[in-house]
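J.: One letter stands for each residue in the lines below.
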Amino acid sequence: MNRPPFTPDLLRLDCRRETERIGAVLQEQILRGFRRKGAVVALSGGIDSSVVGALAVKALGKERVLGLLMPERDSSADTLTLSRQLADHLGIQTVYEDITGILESLGCYQRRDDAIRLVVPEYGPGWKSKIVLPGVLEEDQFRLFSVVVQSPAGETRKVQLTLDAYLGIVAASNFKQRTRKMLEYYHADRLHFVVAGTPNRLEYDQGFFVKLGDGAADIKPIAHLYKSQVYQLAEHLQLPEAICHRSPTTDTYSLPQSQEEFYFSVPYQKMDLILFGVNHGYSAAEVAPAVGLTVDQVNRVFRDIEAKRRVARYLHASPVLVEPLHTALAT
Amino acid sequence: MTNDTPTELELSIKEFISKSLLFSETFPYDNDASFLAEGIIDSMGVMELVAFVGQTFQIQVPPEDITPANFDSVSKLAAYIRKRRAL
Chain A
5 MNRPPFTPDL
15 LRLDCRRETE
25 RIGAVLQEQI
35 LRGFRRKGAV
45 VALSGGIDSS
55 VVGALAVKAL
65 GKERVLGLLM
75 PERDSSADTL
85 TLSRQLADHL
95 GIQTVYEDIT
105 GILESLGCYQ
115 RRDDAIRLVV
125 PEYGPGWKSK
135 IVLPGVLEED
145 QFRLFSVVVQ
155 SPAGETRKVQ
165 LTLDAYLGIV
175 AASNFKQRTR
185 KMLEYYHADR
195 LHFVVAGTPN
205 RLEYDQGFFV
215 KLGDGAADIK
225 PIAHLYKSQV
235 YQLAEHLQLP
245 EAICHRSPTT
255 DTYSLPQSQE
265 EFYFSVPYQK
275 MDLILFGVNH
285 GYSAAEVAPA
295 VGLTVDQVNR
305 VFRDIEAKRR
315 VARYLHASPV
325 LVEPLHTALA
335 T
Chain B
230 MTNDTPTELE
240 LSIKEFISKS
250 LLFSETFPYD
260 NDASFLAEGI
270 IDSMGVMELV
280 AFVGQTFQIQ
290 VPPEDITPAN
300 FDSVSKLAAY
310 IRKRRAL
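Chains as they are written, first to last, in my numbering: chain A, 5 to 335; chain B, 230 to 316.
Treat the hints as calculated values from the structure; they're not laboratory data. Check before you lean on any hint, since a few could be wrong.
Chain B is nowhere near these chain A residues, computed Cβ spacing over 10 Å in every case [to be verified]: (1) F10; (2) V29; (3) L73; (4) G105; (5) T166; (6) L216; (7) Q236; (8) F280.
Partial chain A-side listing against chain B, Cβ under 8 Å, derived [said to hold, decoys possible]: (9) R147; (10) V152; (11) Q164; (12) L167; (13) Y170; (14) V174; (15) A311; (16) Y318.
Computed from a predicted model, the values in this text were never measured in an experiment. Backbone N, C-alpha and C define an ideal beta-carbon position, used for all residues, glycine too.
Isolated chain A, as found in the complex:
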């Protein structure tokens, strides 16, 4: 097969051209396709939402972009600071919605803590937690979720989750993404805007999103871009340094949690390349030297990608009809 050798340069983006291409799609789809007047972007202070915000401003103009700031009790301190910094940088209007009260009313924290207590009975007020997965590189193993808890005295320990506890924690935590999406659509409706989603290609492909939560949107401007390409765009768009160099985080649990701990098996720089390899038919032997892993390790990540794609099918699926609607209407 005639294809270029596998190197990190394969992910190099023509940022000027890509910005123009995305901008043209945003203009066409939002203004002429959906006939909406602008876009709502939920800002997290992370690279993805910042780049989506900047692309929307470039395509639509700053008066047609609304930034939403929606922290909650467990959000990290710099989430709000960086989101505000980005909004100031772009010159866009923002709305601040602290969603802690809504989440309390829904019983989000209570339900989550009840689920944690299934495996850590003493878990209570003042404790912090996060969910973690073991790495995939060391050996073939089952990747079972554990909860890391920190007592008010600062002692931490890791406890493997039972199925009930895991599902309970995730179901309760998903209130956060779904509450944010509800507010995004509230503001989009009142302004006659669309909701712009912020997943990058890793998240979209591997199902790293909450169905009808952060997975819901009218347009997803960077879902075709690998994470490192999103960073390239951030530099090109001259976003604030602190945002360009912030490590990816889930910002969902009360203890700091990296995306590798919770979902992706390797850091995004390697994951980008391995996923690119999968998508373009490169073998593990070709990919391994470029990512500094052994062939066996890359093969494990290949299998992990396939496993996640199987799970992601449900997340991406639209509601299933018994038969195509045009047929039903015709009869």
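Given chain A, put chain B in place with the hints provided.
T.: Below, chain B without anything else, positioned relative to chain A:
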């Protein structure tokens, strides 16, 4: 169904996986097929399998035992259950 004669134990495991994890009437793999390599069950399935072992055979499975050596095929799981019940 907790009878642990060789065939019945394996059958019991296969029946659980077929009905609860594969949603199928049959288990179309041999007893040594790797759950991991064949993609027969995912991490969630392993957690269900651990709960099944605990409830059906009254075996408390410690986290360090949830390894491919013990849980990655019908044969391996059957061997693990026999070993634990013999203790």
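J.: For each hint, tell me whether it holds in the structure or not.
T.: Going through the hints against the structure:
1. F10: 25 Å, holds
2. V29: The claim holds: V29 (chain A) sits with its nearest Cβ about 35 Å from chain B, beyond 10 Å.
3. L73: 34 Å, holds
4. G105: 33 Å, holds
5. T166: Incorrect as stated: the minimum Cβ-Cβ distance to chain B is 7 Å, not above 10 Å.
6. L216: 20 Å, holds
7. Q236: 33 Å, holds
8. F280: Given a closest Cβ separation of 22 Å, the condition holds.
9. R147: 5 Å, holds
10. V152: 14 Å, violated
11. Q164: 4 Å, holds
12. L167: 4 Å, holds
13. Y170: 7 Å, holds
14. V174: Not OK, violated: V174 (chain A) not within 8 Å of chain B, min 11 Å.
15. A311: Since the shortest Cβ distance to chain B is 6 Å, the answer is holds.
16. Y318: At 12 Å from the nearest chain B Cβ, Y318 (chain A) fails the 8 Å test, so the hint is violated.
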